[in-house]
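Asks: Here are the chains, one letter per residue:
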Amino acid sequence: MNIENLKKEILEKLEKSVNLKDLELLEKDYLGKKGIIRNISSSMKDLDVQAKKELGIKLNELNVFLEEKIDKKKKAIKTSETKEREEKEFLDITLPGDKVERGHIHPLSLAKKELEDIFTFLGFSVVEGPEVEDEWHNFDALNFPLDHPAREMQDTFFIKQGNRANLSQKEKFILRTHTSNVQTRYMETHKPPIKIAVPGRVFRSEATDARHEVCFYQIEGLYVDKNVSVANLKGILLRFLQEYFKDKNVKIRLRPSFFPFVEPGFEVDMSCTVCNQKGCSVCSGEGWLEILGAGMVHQNVFSSCGLKDVTGFAFGVSVDRLAMMKYKIDNIRWFHSGDLRFLKQF
Amino acid sequence: MIISYNWLNSLLKGKLPKVKELSDKIVLHAFEVELPVKHDDDYALEIKILPDRGSDALSHFGIARECSAIFNLPLDDLKVELKEDKNTEIDKFLSVEVKDKDCKRYSARVLTGIEVKESPKWIQDRLKVCGISPINNVVDVTNYVMLELGQPLHAFDYEKLSENKKIIIDKLKKSEKFITLSEQEVVLDKDTLTISDEEDVLVIAGIKGGKKAEISKNTKAIVLESANFKGSLISKTSKKLKIRTDSSYRFEHNIDSNLTVLALDRAANLIQEIAGATILKGVIDIYPKKEKLTRIFLHLDYLKNLLGIDVDLKDVRKILRSLEIEILKEEKDKIELLIPSFRKDIVAQENIIEEIGRIYGYDKINSVIPVSEEAIKRNSNVDFANNLRLIFKEFGFSEVYNYPFIGKEDKENFNFNKLIEIENPITVDSEYLTPSLIPNLIKNLKLNLKYEKDVKIYEIGKGFKKNGVFGEKRYISGVSSKSFQNIKGYLEELFESFGIKNIEFITNEKESFFSKKKSAIIKINKREVGTIGYLSSNVLESLGLDLDPVLFELDFEVFESEIKKDKKYTFISSYPIAIRDITVIVKKDTFVGEVLKSIKSLDSKLIKEIELVDIYNSDLNKSVTFRIYMQAKDRGLENEEINKIQNKIISNLIQNPEWEVKK
Chain H
143 MNIENLKKEI LEKLEKSVNL KDLELLEKDY LGKKGIIRNI SSSMKDLDVQ AKKELGIKLN
203 ELNVFLEEKI DKKKKAIKTS ETKEREEKEF LDITLPGDKV ERGHIHPLSL AKKELEDIFT
263 FLGFSVVEGP EVEDEWHNFD ALNFPLDHPA REMQDTFFIK QGNRANLSQK EKFILRTHTS
323 NVQTRYMETH KPPIKIAVPG RVFRSEATDA RHEVCFYQIE GLYVDKNVSV ANLKGILLRF
383 LQEYFKDKNV KIRLRPSFFP FVEPGFEVDM SCTVCNQKGC SVCSGEGWLE ILGAGMVHQN
443 VFSSCGLKDV TGFAFGVSVD RLAMMKYKID NIRWFHSGDL RFLKQF
Chain C
591 MIISYNWLNS LLKGKLPKVK ELSDKIVLHA FEVELPVKHD DDYALEIKIL PDRGSDALSH
651 FGIARECSAI FNLPLDDLKV ELKEDKNTEI DKFLSVEVKD KDCKRYSARV LTGIEVKESP
711 KWIQDRLKVC GISPINNVVD VTNYVMLELG QPLHAFDYEK LSENKKIIID KLKKSEKFIT
771 LSEQEVVLDK DTLTISDEED VLVIAGIKGG KKAEISKNTK AIVLESANFK GSLISKTSKK
831 LKIRTDSSYR FEHNIDSNLT VLALDRAANL IQEIAGATIL KGVIDIYPKK EKLTRIFLHL
891 DYLKNLLGID VDLKDVRKIL RSLEIEILKE EKDKIELLIP SFRKDIVAQE NIIEEIGRIY
951 GYDKINSVIP VSEEAIKRNS NVDFANNLRL IFKEFGFSEV YNYPFIGKED KENFNFNKLI
1011 EIENPITVDS EYLTPSLIPN LIKNLKLNLK YEKDVKIYEI GKGFKKNGVF GEKRYISGVS
1071 SKSFQNIKGY LEELFESFGI KNIEFITNEK ESFFSKKKSA IIKINKREVG TIGYLSSNVL
1131 ESLGLDLDPV LFELDFEVFE SEIKKDKKYT FISSYPIAIR DITVIVKKDT FVGEVLKSIK
1191 SLDSKLIKEI ELVDIYNSDL NKSVTFRIYM QAKDRGLENE EINKIQNKII SNLIQNPEWE
1251 VKK
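Which chain is which? The protein sequence lines are H and C, in order.
Using our numbering, the first residue of the first sequence is number 143, and each one after it goes up by one.
Using our numbering, the first residue of the second sequence is number 591, and each one after it goes up by one.
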């Protein structure tokens, strides 16, 4: 039999095969143990050596060629069959997902963590301090005169002590009114350079409303070294606000202000990120938002803490306010509500 | 303080910028300003004078001085052209005796031939813009001059003074009743500083005048008083009497003693002009201890280093001059300055640097990120708290923040003692600092069960207790509506996640708000770390709870100190695991933990894990099934070995005569 004709015949049949069964049959008829190619090869023994060799090579080539062809076709048929099957598949992807019970971190913790991270990147070590504090560390050492209004009952929570009048300033206790008590505590026990960030809870004895709480959180920054300047304060505050609000266009401005423990003292405004200073209801059309108090550490504070020949800056910002701005929370009292309808949003 | 735009401008040579720009600039260089309010052709500007600037800035003149520095406009001279009556000396009509040193200066004039009537419109208009109602020309002038110069003045009806026309300034020897100008009756304590004639108190010094010598329509002659009192004393008296006036507000800030005569003359001059008065010759001016002016050295290096900008010396000079700070001497590296008496806030060179900085403009200082050699120290407490939050979040717990306060009711319900008490609590249910986070967490739970089916909440916070000292201690506490076993599982996993393996739950023998039989002390590495369990029935009943929550409270510091620094990898064997189940029948009230302990007492390296797979309760007994997983690191286990371990466990178990191992 002519091998070329045989090849043609098989290729024609291959062309006509439409499913795996046809192919299996084809394989069996031509390539199988009792297939045509085997038959031809077993009938070769009557030929001479040269002819046997030539035919053997040709048959082998044909065999390999056909195997490849059939394999290819098999794969093509399988792929198209899978495709067909897939077309008929159905999954309702619009069904709601299974309810996963996730826990929630308090928004103040989230804001606090972010601030701790930012100040750590800026080179500040995170330090904490006591909430029940003596008047010396909260007021006197911070250059608050004895008759300063912040020391009055309407601003400060006093701890009941029967013999208060006879006690020294270091023995009279209050709930700290700011995290600045940690400034004095830290400076008493550490040598400059000092570069700390102090997050913590503070207390004010005042009526609460949407913006005022009896207890809220602050983060305080303190940097003391040989030549710390207002320029450094501006540098740190600008970076911190740009990082926190994730906006490189945030600008700040310093205005004169007064706090007993700094001189010069500043009120720091940041550009309104809501309207990009075009004027909106959030910034009352001013383009600026009052954000924190700051200043250069008062030399009297340094001498109370036993430091000299240094300068430094300090600033304090309400974490509650920063969290409210970030998460657009309209009322500060949500933070201490313990209400999961609020907490589960974070 | 309210400033009239027109009035302010009249005190300066040259024109102020428009009201919006004016207010923006004052905000940047000096004080906060509220939105201006229009009044006919004038504006009222509410300026918030900083507390340390009360001595110089609580007046139109003070603000004009600021504007002069900010806008580089010269101040106009105050015209005071008095025409005294040369024939009548004041000394023949009035005498003054200052008996107390808290009256730092007392100046007075006598005016006669006065016609008390309405003030001219321009005075009335300016007072109205500043929020003061006009009364009559004499009183209006005293108010006008106070708003203009910052010096409070007082006018008495001369004829109403007692016979000898003598004014005495002294502290009261005994408490006394007094009726103020606004007909309010007050009781003045002993030691209140007053101004009196020889019979009655006329004025509470620096605070408020009285009815006796009030100016009336019929007043013909007046004594004009312009004095200076010690600020802290006025502040104390004003608070005690709960009377705060424009006068006391200014005196509290220790205004300039040098203002008295200037203001007095200005007022006398105005009254003369508008009420046709005759001014008697001379001023009574008692000023026993003249105030000394402060001298300060400004070091130029320090100025540069503190601001972080090099301000040109020419600008420094100009700014100082504009603020009326006199340069006494200039040296190479420092300048000696003389501080005017009205700037009581300037006592050190940092104050001068602030003045230069703010007038020069803080916006001119560039931001510079400081470079420090100080290495950052990690705070393990803060890290631990943050890690806890992540794990609780994985567990499905939500974090709450509570006030650290509780009231008497909770104190009694929970039977707390040694509490720290607040002297001035904001409400009755916040009298104490709470020693535990649990009471407020229970309130949270109650609130949330209104909206949620299952609640798991926790707080990381402080408890407070008075143990000789005022102590504060950190806790990790939680409450849940779920079961003891459920919450115990979370805690075990919590400890495990920090690499703590040696955890025990031990019968709670303590008296506390935890139930005695239904709670456990938790120990890690044999150290007590906290408690888990249900509330004691007493507390539960007094709280009136209709649920029985599971609570835990862990000592933050103990927990943290027991954390292994790093977890340790254990070898994973690839040989097959052999499993045997052992079922033990014990009495119903036997702790399963006891059985487990017995099984664990066989310290075999081949036991990989013991799992509780089933508890079946019958009437008196329960059968507890454990699954023992056995595996060797280096080989497959032979049946013989496995049986040997199983038999050993069983023989250990049956040493307890009450226990039976099911065959």
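If you're looking for bench data, these hints aren't it; they were derived computationally from the structure.
Please note that the accuracy of each hint is not assured.
Cut-off 25 Å, straight-line C-alpha distance, at most; resulting in silico cross-link-like pairs (DSS-like, lysine-lysine) [unchecked claim]:
#1 K450/H / K894/C
#2 K750/C / K810/C
#3 K829/C / K802/C
#4 K615/C / K420/H
#5 K175/H / K187/H
#6 K1177/C / K1253/C
#7 K1043/C / K486/H
#8 K255/H / K486/H
#9 K215/H / K194/H
#10 K807/C / K756/C
#11 K390/H / K922/C
#12 K829/C / K368/H
#13 K610/C / K420/H
#14 K1040/C / K486/H
#15 K894/C / K333/H
#16 K922/C / K450/H
#17 K1001/C / K302/H
#18 K1008/C / K983/C
#19 K255/H / K615/C
#20 K983/C / K255/H
Over the 10 Å line for every Cβ pair with chain C, so calculated as not near, a few chain H residues [unchecked claim]:
#21 S159
#22 S184
#23 D188
#24 A218
#25 E226
#26 V268
#27 F300
#28 Q311
#29 K337
#30 D367
#31 L396
#32 C425
Where a beta carbon is used, it is the ideal one built from N, C-alpha and C, also for glycine.
Asks: State for each hint whether it applies.
Replies: Hints, verified against the model:
1. Of the pairs offered as hints, the one joining K450/H and K894/C holds, with about 18 Å between alpha carbons and a cut-off of 25 Å not exceeded.
2. Our distance criterion of 25 Å between C-alpha atoms is met by K750/C and K810/C, whose separation comes to about 11 Å.
3. Taking the CA atoms of K829/C and K802/C, the gap is near 24 Å; set against the 25 Å cutoff, the hint holds.
4. The suggested pairing of K615/C with K420/H holds, with an alpha-carbon distance near 19 Å, which does not exceed 25 Å.
5. A distance of roughly 17 Å separates the Cα atoms of K175/H and K187/H; the hinted pair therefore holds under the 25 Å criterion.
6. Pair hint K1177/C plus K1253/C holds up; C-alpha atoms about 18 Å apart against a cutoff of 25 Å.
7. A threshold of 25 Å between alpha carbons decides the hint, and for K1043/C with K486/H the separation of about 14 Å falls inside it, so the pair holds.
8. The hinted pair formed by K255/H and K486/H meets the criterion: a straight-line CA distance of about 18 Å does not exceed 25 Å.
9. Of the pairs offered as hints, the one joining K215/H and K194/H is violated, with about 31 Å between alpha carbons and a cut-off of 25 Å exceeded.
10. The hinted pair formed by K807/C and K756/C meets the criterion: a straight-line CA distance of about 23 Å does not exceed 25 Å.
11. For a cut-off of 25 Å, the pair hint linking K390/H to K922/C is broken: about 42 Å separates their Cα positions.
12. The straight-line distance between the Cα atoms of K829/C and K368/H is roughly 43 Å, outside the 25 Å bound, and the hint therefore fails.
13. With a CA separation close to 16 Å, the supplied pair K610/C and K420/H stays within the 25 Å bound.
14. For the suggested pair K1040/C and K486/H, the alpha carbons sit about 15 Å apart, so the restraint of at most 25 Å is met.
15. A distance of roughly 24 Å separates the Cα atoms of K894/C and K333/H; the hinted pair therefore holds under the 25 Å criterion.
16. A hinted pair counts as satisfied when its Cα atoms are at most 25 Å apart, and K922/C with K450/H qualifies at roughly 24 Å.
17. At roughly 16 Å between alpha-carbon atoms, K1001/C and K302/H fall within 25 Å of each other, so this suggested pair holds.
18. Our distance criterion of 25 Å between C-alpha atoms is broken by K1008/C and K983/C, whose separation comes to about 34 Å.
19. Of the supplied pair hints, the one linking K255/H and K615/C is violated, its CA atoms being roughly 37 Å apart against a limit of 25 Å.
20. At most 25 Å may separate the alpha-carbon atoms for a hinted pair to count; K983/C and K255/H meet this at roughly 15 Å.
21. With a least beta-carbon separation of about 48 Å from chain C, S159/H lies farther than 10 Å from that chain, consistent with its non-interface assignment.
22. S184/H, annotated as away from the interface, keeps every beta carbon of chain C farther than 10 Å; the closest lies near 52 Å.
23. For D188/H, the shortest C-beta to C-beta distance to chain C comes to about 61 Å, beyond the 10 Å cut-off, and the non-interface label holds.
24. No Cβ of chain C approaches the Cβ of A218/H within 10 Å, the least distance being about 42 Å, so the stated non-interface status holds.
25. Here E226/H stays apart from chain C, with its beta-carbon at least about 43 Å from theirs, past the 10 Å limit.
26. Not every C-beta of chain C lies more than 10 Å from that of V268/H, the closest at about 4 Å, which undercuts listing it as non-interface.
27. The non-interface label for F300/H is inconsistent with chain C: the shortest C-beta to C-beta separation is roughly 4 Å, within 10 Å.
28. Every Cβ of chain C is farther than 10 Å from the Cβ of Q311/H; the closest lies at roughly 15 Å, confirming the non-interface assignment.
29. K337/H, annotated as away from the interface, has a beta carbon of chain C within 10 Å; the closest lies near 5 Å.
30. Not every C-beta of chain C lies more than 10 Å from that of D367/H, the closest at about 7 Å, which undercuts listing it as non-interface.
31. Taking the minimum C-beta to C-beta distance to chain C, about 4 Å, the non-interface status of L396/H is violated against the 10 Å cut.
32. No Cβ of chain C comes within 10 Å of the Cβ of C425/H; the nearest lies about 13 Å off, and the non-interface call holds.
When the structure is compared with the earlier hints, violations turn up for hints 9, 11, 12, 18, 19, 26, 27, 29, 30, 31 and for no others.
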